[in-house]
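**Student:** What follows is the residue order along each chain.
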Amino acid sequence: MTDLLTRDEYKALATKLTLPVNAFIDGSYRPAQSGKTFSSVNPATGETLADIAACGSEDVDFAVIKAREAFEDGRWSKLPPGDRKDVLIRFAKLITRNRRELAVMESLDSGKTIFDCETVDVPETIHCLKWHAEAIDKIYDQVSPASDDHIAMIVREPVGVVGLVLPWNFPLLMLAWKIGPALAAGCSVIVKPAEETSLTALRLAELAMEAGIPRGVFNVVPGTGPEVGEPLGRHMDVDMVSFTGSTETGRRFLHYAADSNLKEVVLEMGGKNPSVVLRDAENLDRVAAHVVNGAFWNMGENCSASSRLIVEEEIKDALMERILAHAREWTLGDPLDPEHRVGALVSSAHFQKVCSYLETDADVLMGGKSHDGAYVEPTVLEVDASSALAREEIFGPVLSVLTVRGFDEAIAMANATDYGLAASIFTSNTKKALRGARAIRAGTVTVNCFGEGDITTPFGGYKQSGFGGRDNSLSAHDQYTQLKTIWVDLSDDEDEAVG
Amino acid sequence: MTPRLTFEGIYTPAVTPYDTDGNVVWDALEKVIDHLVASGVHGVISGGSTGENYTQTVEERLELALFTKDKLAGRLPLIVGTGTMRTPDSIALAEGAAKMDAEAILVATPPYAVPTERENALNVLTIDRAADLPVMLYNYPGRMGVNMGEEFLDRVGRSRNVCAIKESSGDINRVHLLARDYPHIQMSCGMDDQALEFFAWGARSWVCAGSNFLPEEHVALYKACAVEGDFTKGRKIMSAMMPLMRVLEQGGKFIQCVKHGVEMSGLYAGPPRPPLKALNKDDKRQLEQVVRVLKSTIADITAGA
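Going down the list, the protein sequences come from chains P and L. Residue numbers for the first sequence follow UniProt numbering, beginning at 1 and rising by one. Residue numbers for the second sequence follow UniProt numbering, beginning at 1 and rising by one.
Think of the hints as simulated: they come from the structure by calculation, not from any bench. Quick caveat, the model's predicted, so the values are computed rather than measured. Errors might be hidden in some of the hints.
[As the list claims (entries may be wrong)] Straight line, CA to CA, 20 Å or less: simulated DMTMM-like cross-link-like pairs of lysine to aspartate or glutamate:
1) P:36 with L:8
2) P:11 with P:47
3) P:36 with L:132
4) P:16 with L:132
[To be verified] Listed next, with one range per pair, are the computed distances between beta-carbon atoms:
5) P:89 with L:150: 22 to 32 Å
6) P:141 with L:180: 34 to 44 Å
7) P:456 with L:145: 54 to 64 Å
8) P:236 with L:227: 25 to 35 Å
9) L:118 with P:236: 35 to 45 Å
10) L:118 with P:475: 37 to 47 Å
11) L:87 with P:212: 25 to 35 Å
[Stated by the list, open to error] Anything over 12 Å on all C-beta distances counts as not near chain L; from chain P, calculated:
12) 86
13) 87
14) 124
15) 196
16) 226
17) 230
18) 285
19) 354
20) 359
21) 431
22) 451
23) 455
24) 457
In this text, a Cβ means the ideal position worked out from N, Cα and C, and glycines have one as well.
Sequences and hints are given; from them, build the entire structure.
**Tutor:** Written as structure tokens, this is what we have:
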């Protein structure tokens, strides 16, 4: 990007921001009914940014009532799709107009680098909303090949009131992944941002209102998991919950649904994603660049981070040399400095958790140190297949290296995990690439690159990485709609009709 | 950040005792304050319209508020009224309230200007910024010309400080609107003859001028409805109070009645400042009669008769 500002300019912008502090329910900002607040901290400095409304079940109840009213009276759900499209495109334009403010707010709140916020998070958020907006009036229903005496229509209807529970690693982008298709489908949404990162969701709600999304349709209820997430999950009048976050919390949402109204649940959860590099991989420099990017992008706070490198022993040394060279270019420090690629971890609690993984007997090939209670150096470790470093999701800039002898062992190692979100395979052999891609049990397998596909491709996981649906692509729309069959009798013969 | 204030109970907008030349009688004000504390109300408002704020300069109002704060000495919370015609005056009052560590400010629509809802909301947010204290809004379209409508209420949500509204419109639909659509804003009864309805819709506080001279009776209604949830008893108390409400609201001599009521309870309140005049003999007699009946009836009800 050529239009990045300097560090000082970003600092100046940061001091001028007006941060939203209240919940956004029924078209306006409101404090929590209890009046409670919690502090939102800039993880890079430890300073309190804002005291945010700490909502509780009474606020959730109120948001659900208002979302339900909006859904039932059709102020949004029954608008012609083209009209919803116009509003959502206007919404995307408003985000574009405020993109710099949002990028700085996101960086301050999450510790993400301004470089990523400006070049990935905000533009991708806009792109995602536009894409789903544009899709709304291009999705057709179907007529089934029923008999001559019948006509059967298969139509999709918005699922209703939807709880969207967000993670803290991509506060804006994950919001867009969910509200894009949910609002496009005509649902009313209640967003619970992660406690650590509520600011941009609250600001976006205001922009949505300005764009013309009617009151009650887009609500943001900040607060903790027990105070907001659980009441949302257990609410008898919430039709669906879409959750992105840890596998442990995802499991809870299934319990909540089972204990309450059997609401639909879509889960997008953790990963311990392998990069399989076979000995015939071409251009190890490029491979190294992809592996490093996959492992350290967004401080490794990414469910699809390629945190396990599985490499054939013949090329291991050559690859590691290049990986260490590339990783050194990932400079770490003040997130508001656009030169930095690695910022602060999201919170001191998470920092401690990541640091605990660094106290290990594994061979440290690079990094391994932490700074200022917020930063963890990009770290490369040689690990044992049975160690926690090879099995558990660390969610930090830590790449665990495993060595294998041959294709079959590599695939078996790639699959030796409870997760199944993403994987990469690097080889010049097309047959092996495709065989590997088929054999690895993960929602996305990339060949000769690290990636997640794009807005046009489904994103979600196998095994304990996912449940019930996919984000992105038209498949995301399916999550927020119910399938209905309308069966019409066309026959003249009354006897046949009832028979 | 400011703590959120929970308004529970009877909040009395204190009268301002004057001598016949219109000077504040400070001793008398101190006695009024002590009397309020002793009689069980839950908070005191300085600089409300019952205190005749519209006749006072900003300096006088700050002096009165500071005196009240001083004499309350932490025994009850103080809310400082900031309603004026000029925004800079309201800001000065808000800043003064913050400086004297008042517990909250009361923020009204500026009279006569007839602002739009957006203008009114931005005005409130400006005054709020000056104090950074909990805010009780004051909706009184009868005197200000405009309502604090939905656009207004939505916009003031930008501040966390806005935590209550004294609703004095008399429009029962406003009670429904506030209770149902703005549950985060504590609804405080500001329309005496609808107190029972306010409590039925969940109000937990009542800003009532009548509590200057009938504090126990106002507290009795609050307790019956808001604390005990006994609306049968509440209805009996309210019914006994209705004749007083009629005298206060329909006679057009609201402050004069309140001041005379204070004098009936043995304290000095003095005459109102011009343009108002003290009650004549007939009005006094009518008020005395109503108060006498009211007191004995409510005493019987609360005694369980």
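**Student:** If a hint holds in the structure, say so; if it does not, say that too.
**Tutor:** Results of checking the hints against the structure:
| no. | hint | verdict |
| --- | --- | --- |
| 1 | P:36 with L:8 | holds (17 Å) |
| 2 | P:11 with P:47 | holds (14 Å) |
| 3 | P:36 with L:132 | holds (16 Å) |
| 4 | P:16 with L:132 | holds (19 Å) |
| 5 | P:89 with L:150: 22 to 32 Å | holds (27 Å) |
| 6 | P:141 with L:180: 34 to 44 Å | holds (37 Å) |
| 7 | P:456 with L:145: 54 to 64 Å | holds (57 Å) |
| 8 | P:236 with L:227: 25 to 35 Å | holds (31 Å) |
| 9 | L:118 with P:236: 35 to 45 Å | holds (38 Å) |
| 10 | L:118 with P:475: 37 to 47 Å | holds (43 Å) |
| 11 | L:87 with P:212: 25 to 35 Å | holds (32 Å) |
| 12 | 86 | holds (23 Å) |
| 13 | 87 | holds (19 Å) |
| 14 | 124 | holds (28 Å) |
| 15 | 196 | holds (18 Å) |
| 16 | 226 | holds (20 Å) |
| 17 | 230 | holds (20 Å) |
| 18 | 285 | holds (52 Å) |
| 19 | 354 | holds (30 Å) |
| 20 | 359 | holds (37 Å) |
| 21 | 431 | holds (61 Å) |
| 22 | 451 | holds (40 Å) |
| 23 | 455 | holds (33 Å) |
| 24 | 457 | holds (39 Å) |
In terms of the numbered hints stated before, the structure departs from none.
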